[in-house]
Amino acid sequence: MNSPENFVSASASNAGPAGDSSASDASLDSTLRLIARLTPPAGLEDRIHAGLQAELQASRFRVASPKGRVLVWPASQPAAVSWFHSRPARTAAAMAIVAVVLGGGWGIASRVKPTTTAGGPALPNRAAGPGGFSSAGAMRTPQTLHGPVVVPGLVQSPAGAISPVKSKTLKKPLLPGATDEQRNAEAKPASGLNK
Amino acid sequence: MENTNSRTAEQARQHAEEEALAALVTQYAGTLYRVAYSVLRNAGDAEDAVQEAFLRVLRHREKLGEIRDQRVWLIRIVWNVVLDRKRRAKTRPETDDVADLARVLPANGLSAEGRAAAAQHHSHVLTCVDKLPAKEREVLLLSAFEELSSVEIAAVLKITESSVRSRLFRARNLMADLLNHARSQR
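These protein sequence lines are chains F and Z, in that order.
Be aware that the first sequence starts at 0, since it is given in numbering that gives the first Met the number 0, and climbs by one per residue.
Be aware that the second sequence starts at 0, since it is given in numbering that gives the first Met the number 0, and climbs by one per residue.
The shape of chain F in the complex, shown without the other chains:
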């Protein structure tokens, strides 16, 4: 009967292949048993012992030696320079650095005068260097043009020109929606001319 219990009991006790096991079971069991009963290589225990001894020696060396540090400064410095690490010395050094920085800044600020005025942009002053060309005091005067001269009495109006007075009599054309009275008023001047 193929049940888990049978398989376990057969394999755990290793009593050999079960009576009803097939050929595949037998070959499987023989292979597994071959590996399970393998003889370890000669000298295995000695090599393991040697490896453990080497590891023990290494671990003892690690314990005996101080903690490894990449940089041991300043612990390894001699006592003669240890004053440098005292609190007053550090404070004094920090104050000196601050004084140097502030003094330098104040010196620069006091020497540099502002060249800009509030009125407009600052222009660079042209330095009169030695040699070169100069304007010799000449001033530039702009050229002026002579305009047209109007002579009274010589003015003639061109033929066909409409005077401003006549233009006032011009009437607007009637719109399509004009009333009959408007049309009659428009027609009257024309009839008067015919008489």
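Derived from the structure by calculation, the hints contain no laboratory data.
All of these numbers come straight from a predicted model, not from anything done at the bench.
Hints may contain errors.
Far from chain F, by Cβ distances over 12 Å, these chain Z residues were calculated [what the hints assert, rightly or not]:
(1) T7
(2) A11
(3) W72
(4) L82
(5) E112
(6) K134
(7) R182
Computed footprint of chain F on chain Z, listed as stretches where at least three residues anywhere in the stretch have a Cβ under 8 Å from a Cβ of chain F [unchecked claim]:
(8) 21-33
(9) 47-58
(10) 74-81
(11) 136-149
(12) 164-176
Some chain Z residues well away from chain F (every beta-carbon gap over 12 Å; in silico) [as the list claims (entries may be wrong)]:
(13) K62
(14) R87
(15) S110
(16) A111
(17) G113
(18) P132
(19) K157
Glycine included, each C-beta is placed from N, C-alpha and C at the ideal position.
Using the hints, position chain Z against chain F.
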């Protein structure tokens, strides 16, 4: 004076631990080697795995006194080492298995040809074992060891005993199918 006494006691304790470890090596090195070989199928790799397992024990040797079943504990350590190594070494040519098996096979009056044929057969069976799902394969491999009962296999794999039984049942059925299928194809 007190310092000297404590140093002496410490040295004595260390010496006792080392002695206990040496005894473990003498007693279980062979068993651990076989367990490692069943998975790795290579003599050199198996030996390295055993060495690494004992190095792990050395690093935690202060716990040796607390371990109830040292054999199962050691097998579990080497089992973890072996699985780690197996995971790291993705693939290995099958010819290595055959050559290594031929080397480790007992020479029971077999000729060279007979040994080669036997190695080929065992390699074929182990190839089928490798095709099993991991859970079933692990139980099947451990079940072959005389030293391990189903309870101890459960302790090594951290599963219940009933799981061991059911997995072994499935593994054997799957193996029968695989081997019959391979036989019918020949």
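Check the structure against each numbered hint from earlier and tell me which ones fail, lowest number first. Of the numbered hints, 7, 10 do not hold.
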